[in-house]
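Engineer: Residue-level listing of the chains:
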Amino acid sequence: MTASDSGGVVPESSKQLRHELRTPINHIVGYAEMLLEDATDDGATDRRGRIEQIIAAAGDILAAINAALPPSLSEPTDAGVRELYESFVEPRGRITAALDALRGMPGVVDDPEMAGDLARIGEAAAKLAPPGETMSEARAASTPAATDDAAEDRARILIVDDDENNREVLRRRLEREGHATACASNGLEALEMVGAEAFDLVLLDVMMPELDGYETLKRLKGDASTRDLPVIMISALDDLRSIVRCIENGAEDYLPKPFDPVLLRARIDSSLEKKRFRDQELDYLRQVDRVIEAAASVEAGAYDRSSLSEIAQRADALGRLARVFDSMAGEVRSRETRLRARVRELRQEIDAARGVGTETASFEGGQIEPGTRFADRYEIVGLIGYGGMGAVYRARDLELREDLAIKMLRPEFVSDPESLERFKTEIRLARRISHPNVVRTHDFGETDGVRFLTMELVEGLTLRDLIDSRGRLGVSAVLAIAAQLADSLAIAHAQGVVHRDIKPQNLLLDQAGVLKVMDFGVACLAQRSSKLTQAGAIVGTPAYMSPEQLIGEHVDERSDLYSVGVVLYECLSGRPPLEGDSAITLIARVLREQPRPLGELAEGVPDAVCALVHRLLAKNPSDRVASAAALGGELTRMS
Amino acid sequence: MAKILLVEDNEMNRDMLSRRLERRGYDVGIAVDGKEGLEQASSGEYDLVLMDMSLPEIDGWEATRRLRANPATEGLPIIALTAHAMAGDREKALEAGCDDYDTKPIELTRLLSKIEALLPGTP
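If you're matching them up, the sequences are chains A and B in order. Take any residue in the first sequence, note its place counting from 1, add 1, and you have its number in this note's numbering. Position 56 (the second sequence) corresponds to 46 in this note's numbering; numbering is contiguous.
Keep in mind the hints are simulated off the structure, nothing from the lab. Since this is a predicted model, take the numbers as computed values, not measurements. A few of these clues could be false.
In silico DSS-like links for lysine-lysine, alpha-carbon gap of 25 Å or less [to be verified]:
(1) B:LYS104 to B:LYS(-7)
(2) A:LYS276 to B:LYS104
(3) B:LYS25 to A:LYS275
(4) A:LYS16 to B:LYS(-7)
(5) A:LYS275 to A:LYS258
(6) A:LYS275 to A:LYS222
(7) B:LYS25 to A:LYS16
(8) B:LYS104 to B:LYS82
(9) A:LYS222 to A:LYS276
(10) A:LYS276 to A:LYS219
(11) B:LYS25 to B:LYS82
(12) A:LYS258 to A:LYS276
Pair by pair, the computed Cβ-Cβ distance ranges are [unchecked claim]:
(13) A:ALA98 to B:GLY78: 34 to 40 Å
(14) A:ALA316 to B:LYS82: 45 to 51 Å
(15) B:GLU85 to A:ALA68: 54 to 60 Å
(16) B:ARG100 to A:SER328: 54 to 60 Å
The C-beta atom is built at its ideal place from N, Cα and C for all residues, glycine as well.
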């Protein structure tokens, strides 16, 4: 239904209209019946008669409403509604006449309660006028309409005035406007109430005993919890100085007494509207804060999905952000959970292999005895092991008072000046890599003709030890190794460092399951040196080298990925993908033969994992996974 | 003295009905919306609730459902009041958990008999 002829908006449905029309009838009948109950004295016969006329007229209007708007009718027509309002004219006339007669009766006007109830009946009757007329009638009765529409504008207003009559006048007026009110008779009481419950607005008298309006205002505005509560000052002091003083102290507005009701209403509405916007803004900022808190809680590993559920309901950009964030956080969490489970399994493998030490080796040139002072700075604690490049010792740094590892480099690797320069360059690059999965290289030094590297000491065992002890490893444990290996290589490759010698002997695992890659930059030495030695005297085993590396072609980071493939294949199946009795046989196979499908050797390994490993083992670098970072991404997505 | 909680957003309805009930000897407490109604009803000091159904924010249907879901108020008698008086409203009110239903304009004697039926021996 659209606007009626009289200019007002007719409610959309019969239900609303019934509600709107029956409500004033309820008021008329209710107040009239109360008046009737009071009209018990003998001389009140005339009064009772008039009141009964009102009740009868209201009954007639109700009958008309029920007939025109039966409970089952959903959409009344414009014409029907107009007719209905027209049918009210006659009974409304009877009500008005009865009210006028009652007001003229002795004793009625003097009785404030009775006068008030008659005014309310008049106000209710005015609501039965056609929509266009309602306002003018209501205004004539100086009782602005308190319709149900006001519900959404209802505010909780605190009236602070030491004069009881002033409070009462304001209270009644505001409640008629549909607001909820509370009253305080002085500033201290007002501050107490504001501290205890939420208000939307304060109407504050200036001249009050004890704590006056100025001081009350100052305290309200000085307290962070009440600073944003709008205050309208109401005072008989209307000089410019008083007004300025109030505004300067933070009052929203100022209204001189006696106040004009229309002005009061306009200023209250305006203050409430501003507060509503401010509240919305503050609410928005609070919700933004909650999203930021949620982001921090993801970092701290304490993200609670329900913390954003309310914001995620919003239809605006913030709601969208919360939804996207929640989904991302959920993904991160499930990845973390998966990774934790994988590392747990890896730790179990490590625990089961505990007691397996790295091989204690002796090598030509003999061991350095524990307790020996080395390079004026270190004290040898003991031999950790022996690698392709030389012996590794645990030593105490006497300057820094901490233990580290010292790798002695066999003279033949560093005798050639060109190799040495290249090696130094590689070490300089490698030293820049700082990552939890990379063994830190500290220094390169020389003492008494012995060249050495100092490195972070890792307490644990090598992946070689673990595979030798366990035969083959569980899929989750292998994925935990693979993810950490991919992470460390991604960082190194981003810095331009290719490892060139990824193999189980170079992968250390501590007790917590953290993998650390060692010897970044060192392998170049072996590569260079290998060319200097006789054919077949390749340092270490070619089993982990990529085809391009074996034939001396240029290698890039994809060569490391091939080695990762070999390591993973061996972890899962317990043996390298290709083997040979001699280095030559092995090299020939690596160049020509495809390894046996991993799935045939390792039962229970998901197809996706097998396929990924075989992709890493592709002969052609461009057929492999594109980068270590891409490998990391594929591994985290793998469930 | 029986204490009745009147949950009603219309000021004139509140004023009129509370006064009429007080005249009949009931102690009447007021709540101006559903939220306040829920808070007051949960205080345990009321014997019966007169619940207007058209309330802002939390309407009477929802407020009734919540009172029924709360162990502290699940047995509190509730009479629904509505000016809509549409077909099916009564069933809807009873379904929401109201004990009885009455329409506005209020017929006081009819409402009182419903209150007395739920609070025998009062006011």
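Engineer: Tell me the numbers of any earlier hints that the structure contravenes, in ascending order.
Structural biologist: Violated hints: 2, 4, 14, 15; rest satisfied.
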